[in-house]
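Engineer: Each protein sequence line maps, in turn, to chains B and X. Once you know that position 65 of the first sequence is 66 in this note's numbering, the rest is easy, because the numbers rise by one and skip nothing. Once you know that position 333 of the second sequence is 349 in this note's numbering, the rest is easy, because the numbers rise by one and skip nothing.
Note that these hints are calculated values from the structure, not bench results. Incorrect hints may have been included.
Label-pair restraints from in silico Cβ distances [unchecked claim]:
#1 T21/B with R398/X: 31 to 37 Å
#2 Q162/X with R72/B: 33 to 39 Å
#3 T130/X with D95/B: 56 to 62 Å
Far from chain B by the CB rule (all over 10 Å, computed), these chain X residues [said to hold, decoys possible]:
#4 K140
#5 W310
#6 E312
#7 E430
#8 G455
Glycine included, every Cβ here is placed at the ideal spot set by N, Cα and C.
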Amino acid sequence: MSRTAIPGFLPAHGVADSDTVREQIRGSTTILEILRMYPDGQAAQLMSRIYWPCAHCGGAIREPLTMAALRHARDPRAVLTAFRALALDGPTDDQVALAAERHPR
Amino acid sequence: MSDTYHAVIPYESMDPLAIGATDDESKKHRDTLTLDIPTANLVAAVYPDEPAPVGDTTEAARRALVEPFDGPTFADLLAGRTSIAVVIDNQFRPTPSSKLLPPVFDAIEAAGITDVRVVCANGKVFPMSEADMEQKIGPANLARMQANGWAFHQNDPQNPDAYTFVGVSSGGTPVWLHNEVASSELKITIGQAQANHWGAGGGGKLILPGVVSDATIESNHCAFVTSPQTHYGAYAGPMRSDIDEVATMCDLDCTMNVILDTHGRVIDCIFGSHPEAHREAIRRFNAIYAYDSWVEEKGQADIVICGVFAPTDHLFFHTGWGCMSADLVLKDGGTIIYTSPSPGVSTAIGDFPGFALIDLMKPYMPPTAANYERVLHDIHKREIQMWAGCIWVPIYEVMTRKHLTVVTLEENLEMAADIGLDATTSLDDAFAAAMARHGKSAKVAILPYARYQLPKNAVRMATSEPSIVAHSTV
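With the rest of the complex left out, here is chain B (with noise of 0.2 Å):
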């Protein structure tokens, strides 16, 4: 049985085990694909410390980053900066300072 896999939804990628993981966080990556790049929950982590739930949300499936950081009126490119920093041993607290930062609409 597989631990990881995630049965009963229409096509979204990541919900299968054999879906390939990308390597590089882009705009466009789900975060179900950010949450998968990082078993160890260091993505989870992030998502908790600018205040988003996705890691208990069943929107993660289908949502975008880029489109996640609107829905939570957050700047879209700081919100992917910070991701990205994942790769590179960060984000540092200023980074993640600005992607928890709130931006009214």
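Given chain B, work out where chain X should sit, using these hints.
Structural biologist: Only chain X this time, still in chain B's reference frame:
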């Protein structure tokens, strides 16, 4: 009479990998905290008188299906139908679905229905993984579904193609229902009946929020969660009323609900037509867990000490609901001491700490009336997602009026401090601080199973009963 009362407070959690395995004691962490309280200060220690468990859960479910509380038997409902949706609750509910499904499946097979789907009512919560499914549904039931070609679906709230528009409720909630449920001739929900701060769980709640779209969930939750008439016991309150109306609009035919005791054992199983069978399940739940309020005789407590029992879960997000029930018998300015180990949860996509999702209140700390106004504004602007806000916002609202101290595991203290919560590992220290705050004559009450417990005079089963406002004396 002794000068001190020796209180024993449950301090429990379920092994994060034991999702749905409510009868496997080896997977539960059971501990107690003890506290000596001056007898003169104690106004109540409410320990429920629970009936014996049913023994064989599967047989109890089989009996319930042929002896409905209201309406036709399940076999009679199936007669002449060609399709059915069996809606079950998700990995964060302790309903033992694996034991309840066999007689449901037997009846479906006996009726010769082949167009069958099982749908997980995960609302906007992260869906079950295959490993979660194995624990929740059980290998034998999964094998049976596979052999019969019965599909499994989960709610997919951000996918507009997955829903059918049903209409608008009288409360203004636009309803989009999952296609797989909408297209089924017969619909049954299988869940757990319990009182909660939205009124009640189980029954139609597996339809809304279980298998409806993001827009439907947010519309209902944004409109009704913050109403003072949405509270423990408010079956006739605006939130639960809208939920049941929407379930009726969606043609929910019948519902089977278990009542679980504080050890997670099934003590009753009630089947019948929607919503009558669920209302009866709540009446039976309240007959066990609703208590005579001491407030009229002795006044509101200054300090309420709450315990947590294993089946309620492993995140404070789920164990902490008792804050809203304790609120009903605690004076404004009083202290809730909430003992909850909250060890965190392991999911398909990683491990999450015990205070996960409670951190959503951090931008609004400290909890003040002015900051609560900000919360309400941000709900209105849809900047707060109320699928999670339906839990943290009510806890936050209580915190604007009462002091919350959480007694928890050492590993949670850093995150609690980061959020701005008062947390400690010591019940003695928490109690001493509360007594210092409220003085030597402080009135102390104990609700060891707070998430289940509610004062009887908060129960409001029909709209004809006088309203109460949760944010005042009960």
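Engineer: Against each hint, give a clear statement of whether it holds in the structure.
Structural biologist: Hints, one by one, checked against the model:
no., hint, verdict
1, T21/B with R398/X: 31 to 37 Å, "holds, 34 Å"
2, Q162/X with R72/B: 33 to 39 Å, "holds, 37 Å"
3, T130/X with D95/B: 56 to 62 Å, "holds, 60 Å"
4, K140, "violated, 5 Å"
5, W310, "holds, 37 Å"
6, E312, "holds, 40 Å"
7, E430, "holds, 12 Å"
8, G455, "holds, 37 Å"
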